[in-house]
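**Student:** Top to bottom, those sequences are chains A and L. So the first sequence is numbered by my numbering: it starts at 1 and just counts up by one. So the second sequence is numbered by my numbering: it starts at 109 and just counts up by one.
Calculated directly from the structure, the hints in this document are not laboratory data. Here a beta-carbon is modelled for each residue, glycine too, at the ideal position from N, C-alpha and C. Worth double-checking, as some hints may not be accurate.
As the list claims (entries may be wrong) - Taking lysine-lysine pairs in the BS3-like style, the calculated list, with each CA pair at most 27 Å apart, reads:
# : chain 1 : residue 1 : chain 2 : residue 2
1 : L       : Lys334    : A       : Lys59
2 : L       : Lys135    : L       : Lys334
3 : A       : Lys41     : A       : Lys59
4 : L       : Lys334    : A       : Lys41
To be verified - Computed footprint of chain L on chain A; a stretch qualifies when at least three of its residues, placed anywhere within it, have a C-beta under 8 Å from a C-beta of chain L:
# : segment
5 : 16 to 28
6 : 32 to 42
7 : 59 to 68
8 : 75 to 86
To be verified - So, partial list: chain L residues that the calculated Cβ filter (under 7 Å) puts toward chain A:
#  : residue
9  : Ala136
10 : Leu231
11 : Pro234
12 : Val277
13 : Leu284
14 : Pro288
15 : Thr362
16 : Asn365
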Amino acid sequence: MGIYLFLLAPQTELWMYTVFGCILYLDVTEWDVTRLFDRVKNRRPRIDADPAEDADLGKYFVNPRLGHLDEPCIVKDLHGRILVWHLPDIYAQHRIVSFPFTIFSLTK
Amino acid sequence: MTLPISEQVGLNMGATILRPDLDKQMKALEAAPPTWRNTGFSAPPGGGHFGAGAVNFSPGWFQRLRDVRLNQFVVRLGANLFQNSQQLDDYLYVSASLRTDSAANFLRVTESIDVISNAITALVAPRQYDYGLAAIELIKNGRHLYDRHPILDSWISVWSGFAMIVNRVTAIHRDLGGAPEDYDLLFSSGTHNACNLDVPDLGATLSYRPGTAVAITGRVLQHGVKTWEGGERICQARFIKDAVHDRLGLPRPTWVNYDDYIALISSEH
């Protein structure tokens with residue numbers, strides 16, 4: 001699926017640094033994500049938030065209050081399961097510029 | 109048509125080509141009942157360069173309003189009521205949005221982004237990459253599809269599909285289509301210069317400026333975008349449909365574990 005071709009591309013170095021840089025900066029929750037998921041309700045989202053469910057989850061799963069994350073990082077749970085990979089600036093500028101162009105093609 | 113890599117030209121083209129179509133979509137949404145998916149659009153005054161709207165693409169998914177569990181229920185019910193009842197029609201379908209010339213053009217122009225997304229997936233979620241690749245290969249062989257379409261030859265992503273979301277805030281939500289172990293891959297683009305992805309379960313706001321990718325376990329963690337500043341916002345959200353992987357006989361991936369990466373760089377290995 002093109003991954004090996006990608007490894008030859010000039011952007012590879014930037015991409016690899018960003019991903020591996022994530023691993024050096026990590027935040028950890030105090031809970032087990034599988035147990036959190038057991039308590040998550042499979043309701044369709046509503047336009048407004050659902051504070052009742054948030055409050056209920058908050059009783060059992062301490063919110064880590066990680067604040068604003070600006071750099072590459074990961075967030076893992078109590079047992080090391082990675083919940084989030086944050087990869088800022090992983091796409092090269094010329095791709096960011098070209099990407100919106102493709103929106104135009106959708107209307108043709 | 110191959111679009112030139114020039115912001116000025118691209119934005120001018122957008123102003124003339126994109127807006128009528130998105131305006132039409134927005135008018136259609138006015139008559140629809142409000143849900144979190146069809147509200148929150150906010151194009152600049154006059155529509156800006158990109159207008160506003162959202163389009164989903166998938167090479168093989170269940171038709172809308174056709175849930176697998178419901179189908180299975182109907183089959184069981186039908187089999188009990190009628191001994192010679194037909195088999196369940198649970199083929200996968202190429203999304204209507206993907207059956208167009210413009211979609212083919214879109215896939216061709218964004219091929220490099222597909223390749224990068226695949227590469228990111230292979231590194232941050234190797235099992236999900238493997239199963240995603242297996243799923244796309246199974247879909248492409250056509251046996252599970254209601255009918256094949258030539259556009260499948262241009263689909264190189266290992267994801268079940270993606271949504272293109274233009275100039276919309278996104279309510280805090282969980283994505284119900286994936287498995288809890290699956291990541292969604294969110295890619296921020298556009299011309300804006302400030303944006304945050306809120307993840308309230310973590311008490312976190314992630315910077316989400318253009319060029320950022322976020323892989324998030326979206327079935328488990330709530331996430332959304334309340335606002336953005338300084339331009340227009342485009343988001344590409346890649347997703348896995350767990351029901352599709354189940355239909356194809358593929359297991360769910362295991363959780364991605366931090367220790368696996370430490371083991372990779374450990375001197376003991």
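**Student:** Hints the structure violates: just list their numbers, smallest first.
**Tutor:** Per hint list: 9, 11, 12, 15 violated.
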